[in-house]
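J.: Fit chain H to the given chain R structure using the hints.
So the protein sequences, as listed, match chains R and H. Residue 123 is where the first sequence starts when you use the working numbering, and the numbers rise one by one after that. Residue 123 is where the second sequence starts when you use the working numbering, and the numbers rise one by one after that.
For the record, the hints were derived by calculation from the structure and aren't laboratory data. Don't take every hint at face value.
The list treats identical chains as one, so a pair stands whether inside a single copy or across any two.
Below, computed lysine to aspartate or glutamate pairings styled on EDC-like, alpha-carbon distance capped at 20 Å [what the hints assert, rightly or not]:
| # | residue 1 | residue 2 |
| --- | --- | --- |
| 1 | K332 | E149 |
| 2 | K409 | D202 |
| 3 | K233 | E317 |
| 4 | K272 | E383 |
| 5 | K172 | D476 |
| 6 | K303 | E362 |
| 7 | K172 | D359 |
2 protein chains.
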Amino acid sequence: MRLATLLGPDLKALQADPEALREAFREFHPEDVAELLDDLPPKDVAELLKALPTEMAADFLERLPVEKQHDIVELLEDRDAVELLTEMDPDDRADFIEELDDHEQKAILEKLGEADPEIVEETQELLRFDPYTAGGLMTTEYVGLAPETKVWEAIEEVRRHAREGEAETVYYIYVVGYGDKLLGVVSLRDLILSEPAQALADIMTEKVVKVSATTEQEEVARIIARYDLAAVPVVDDEHEELLGVVTVDDVVDVVIEEATEDAQRMGGMVPLDESYFATGFFELVWKRGIWLVLLFFGQFLTATVMESNEAALATMVELAIFIPLIISTGGNAGSQSSTLIIRALSVGEASPRDWHRILGREVLMGVALGLLVAGIGFMRAYFAGDRVEPLELGLTVGVSIVAVVITATVVGSMVPLLMRRAGLDPAVSSTPFIASLVDVLGLLVYFAVARAIVGSFVH
Amino acid sequence: MRLATLLGPDLKALQADPEALREAFREFHPEDVAELLDDLPPKDVAELLKALPTEMAADFLERLPVEKQHDIVELLEDRDAVELLTEMDPDDRADFIEELDDHEQKAILEKLGEADPEIVEETQELLRFDPYTAGGLMTTEYVGLAPETKVWEAIEEVRRHAREGEAETVYYIYVVGYGDKLLGVVSLRDLILSEPAQALADIMTEKVVKVSATTEQEEVARIIARYDLAAVPVVDDEHEELLGVVTVDDVVDVVIEEATEDAQRMGGMVPLDESYFATGFFELVWKRGIWLVLLFFGQFLTATVMESNEAALATMVELAIFIPLIISTGGNAGSQSSTLIIRALSVGEASPRDWHRILGREVLMGVALGLLVAGIGFMRAYFAGDRVEPLELGLTVGVSIVAVVITATVVGSMVPLLMRRAGLDPAVSSTPFIASLVDVLGLLVYFAVARAIVGSFVH
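With the rest of the complex left out, here is chain R (with noise of 0.2 Å):
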C-alpha cells in the first residue's frame, strides 16, 4: 500500500477502526507521515491523531511545523493535549511552548504541571536557554551514571531506557559526580568490550569533548564534525554540570538550516524563518524590501558621483557607454572575494588576525583579474564603432578596469573581515552591500581616470 492512498478517501474508514489505522501507519517511517499530514487541515489531523495510541500521535506531531502543531493541538480537548506534549521528546515539547505567548505558555505549563510536575521542571530548564545555542538543542534524556557503577549494572540501566524510550541516545553514556559535575563518558561500544565487574570510573574517558549550554549552535556543529562525534554533552559553565546532550542529527539539521540562512542574508535579504512556500507574502515583502530600500538609498551615491560628473559625459557622451560594464566587473571580482572570504570565516579557516595575508593575495589576484579583463575590455572600446578617439576611450577603459578590480578584490575581502572584527555577521547583506560600494567605488575610479588620459591627450 502507498503512504499518499492510505490518507485518502480511505481515511474515513480506517478511522472507524483504531486497530487496522495504527497497523496501517506503523508500515510507514514517522518522517513521511509527518510529511503528508503537513498537507491535510489542521482539523482533520485532530481527529486522525485522537484515534491513534498516544504514542504514536506524538511521534508524528513533534515531525510537523511548530504552527501546525499549535493549529493541531488548538482543536484537541484539553486531555488529550497534555496526554500528547507528555509524550513527546523534551526539546520538541520545549519549542512547541516556546512559540506560544506567554499566557498561554503559563496556561499550558499549569495542564502540564496537574498531570506531571517533573515534566514541567524539565521543560522550564530547556527554555531558559536561547533556541539556537547548545542549550536550546540539548535533550534532557540521556543516560548519567555514579563512577562506581559496574559495568553490568550500567548495561541494565541502558537496557530500560532504551525499553521505556527515554534516552533519545544510548549509545554514550555519561558519567557524573557531585552535583550532576560530568567526569567522563564511556561509549556502548567500550561499555560491551569490559568485563561486566569492571567500574565505569576505570573505563570510562576523561578527556570530554563538551560544550557550554550557551555555545551558538554553529559552533556546537563544527565541534561535533570535527571529531566525528555521534552526541556531544552540554555544560553548565560554572559548575561543569551536565545539563544535557545535542546528539549528532539535531546539528545536521542546524548546519542545512545555517547555510540557508547565510545564502539568504549574502543574497541581500532577512533569512526566513520558514521555507519559501510557507512565508506570507508580506513578510516576504518586508524581508526583502527593507534591504532593497537600504541599498537603494545607498545606490543614491552613484547618482551624485555621476551628477558631479555631467559636462565630461556631456562633452564625451562615450564615456557614458562602459560605465554599466566597468561596475559590474568590479562587482563579480567583489562578490567572489567576499565569497571566498565569509565561507572561510564561518568554516574556521580563516580569522580577521590573518587580514595582512589576505589583503596582499587579493591585491595581487586584483592585478592578475584586472590585466585579465583589462585586455580584453581595451580592445573592446578601441575597436567598437566609429569612435572619434579610440585609443584614449580604450586606455581609459582599460586602466578602469584594472583599477576597479583591484578596488574590488581588496573591498571584498577586507569588509567581512572588518564586519567580523566587530562582532558583526559578515555575511549580513554582504554582497550587494560590497556591490553597492564598489559600483560608488568604481564610477569614482572611472571618471578620474578619464580625465587624466583625456586631459593628457587634449596637451
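T.: What follows is chain H alone, placed relative to chain R:
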C-alpha cells in the same frame, strides 16, 4: 601540557624516547594533533610518524589533507608506507590512492598486494565509485550477519569487531542473505533489549532506509538528515547487495563542503577543491578569471545597448545619471529571488514543477517591491538638482524601476528552475549571471520607458 609545546623544541628530545612520545600524544584528540602536524614540513612529520606505533601514526595521517599525505608518504621507506596504508581506514586509504596518477596507483597497489591481497580488493572496490557519491563516501567496515544468527552470537560478533577496531560503526548490525542481499537492520539498542536466544530475523526491521552506490552525496546527506539516522547502508542497484555504509559524521562534512561549494558557485567562480589558503595563486586566478571573463563578454551587451541609445543620451545627458542606480536595484532584487529559489531547490522544498506557483508569487513580489522603491526613486529624480524636465525624469526613473524589479524577480526565480530542469546545477555562477542578464534587460526597459515618456511630453 599544551599540545603546541609538545611539538616545539621538546620534539627532538621526545623522539629519542618513543615510549614517552606515544604517551604524550595519547593525551590529545587525533584531530587536534593532525591540525598541528599540518603546519610542520612533511620531513618532520614523516620522522615523527616513524617513531610512533603504526596504528597511532595512521590515525594522524588519515586526518591530514590528501596532498600533504602524499608528500609525507613519499619520504617514507616502502615497508613503512605499506604498513601505514594498511592501518588506515578503508575510505581514507581509497581517497589517498584515488588522487595519485595511474602509474603511482599501480605501484602502490602492487606493494599493498604483496602485504595483504584482501586490502587491494577492498580498495579497488571503493575506487570504482565517483568520490562524490554514496559509493565514494562509504566505508566497507560494517557488521553484516546472517538472519539465523542468534542475538548472543551477534553481540559476540559486535564485540570482536569493536575490539579489532574493524567496524567504523557497530551501532547498526545489517542482516544479509545470499549474495550479501540486504534483508534488514538491527540496532545495537535493539540487540541489547532482546532475548539472547532470539534470531536476528525475528527482531530486525525489514523496511531499511538505504541508498544506491551511485546516489549523489547531497542526496545521501538529505536522507540521513530527514530520517535522523546514525548511518545508512549502501546497496548495489541491481541485486540489492550490501556494499558498505555511510556514517552521519561523514555527512556533516559533506553538508559543510557542499554549502561552501554552492556559495562559491553563486559567488561567480569555479568551487575550490581545498581551503582558501591551501589553493595555489594561479589556480585561484584561473577559477575566478574564467567566470570573470565569461561574464565580461556577457556584459558587452550592456555596451551595445548603450551605444544604440547614444543619440538619446546625447540629447538628454541626465538620463545617464540614474543608470547605475536602476540596474543595481534590478541586480539586488534578482539576487534575492535567485538565492531563495536555489536554496529551496537544494534542500528539496521546491522543484521545477512548482514553476507556476513561484512565477505568480514573484511577479506580485516584483510589483510590491518595485512600487516601494520606485516611490523613493521618483522623488530622488524629481527633486534633485536643477533638472530641466523634473516630471519626465522622475516618471522615467519611477516607471523603469517597477519594470526592472519585476523583470529581475522573474528572471531571478525562473533561471534557476530552468537550469535544474535542464539537469544543470542551479547554483553555477547564478547570481552574477542573473545580474548581467538583468543589467541588459534593465537598460532596454529604461531606454524604452524614457523614449515613451519623454516622447509623450514633447507632443
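J.: Treating 20 Å as the Cα threshold, decide for K332 and E149: within, between, both or neither.
T.: between (38 Å within a copy, 16 Å between copies)
J.: Taking 20 Å as the upper bound on the Cα-Cα distance, should K172 and D476 be classified as within, between, both, or neither?
T.: Result: close neither inside a copy nor across copies, 59 Å intra and 33 Å inter.
J.: How would you classify K409 and D202 at a CA-CA limit of 20 Å: within, between, both, or neither?
T.: neither (37 Å within a copy, 59 Å between copies)
J.: My question is about K272 and E383: at a cut-off of 20 Å on alpha-carbon distance, are they close within one copy, between copies, both, or neither?
T.: This pair counts as neither: shortest intra-copy Cα distance 46 Å, inter-copy 48 Å.
J.: As a check of your reading, is K233 near E317 (CA-CA no more than 20 Å) within one copy, between copies, both or neither?
T.: neither (47 Å within a copy, 40 Å between copies)
J.: Checking K303 and E362: alpha-carbon separation at most 20 Å within a copy, between copies, both or neither?
T.: within (5 Å within a copy, 48 Å between copies)
J.: Quick one: K172 to D359, C-alpha cut-off 20 Å, is that within a copy, between copies, both, or neither?
T.: neither (43 Å within a copy, 41 Å between copies)
In terms of the numbered hints stated before, the structure departs from hints 2, 3, 4, 5, 7, listed from lowest to highest.
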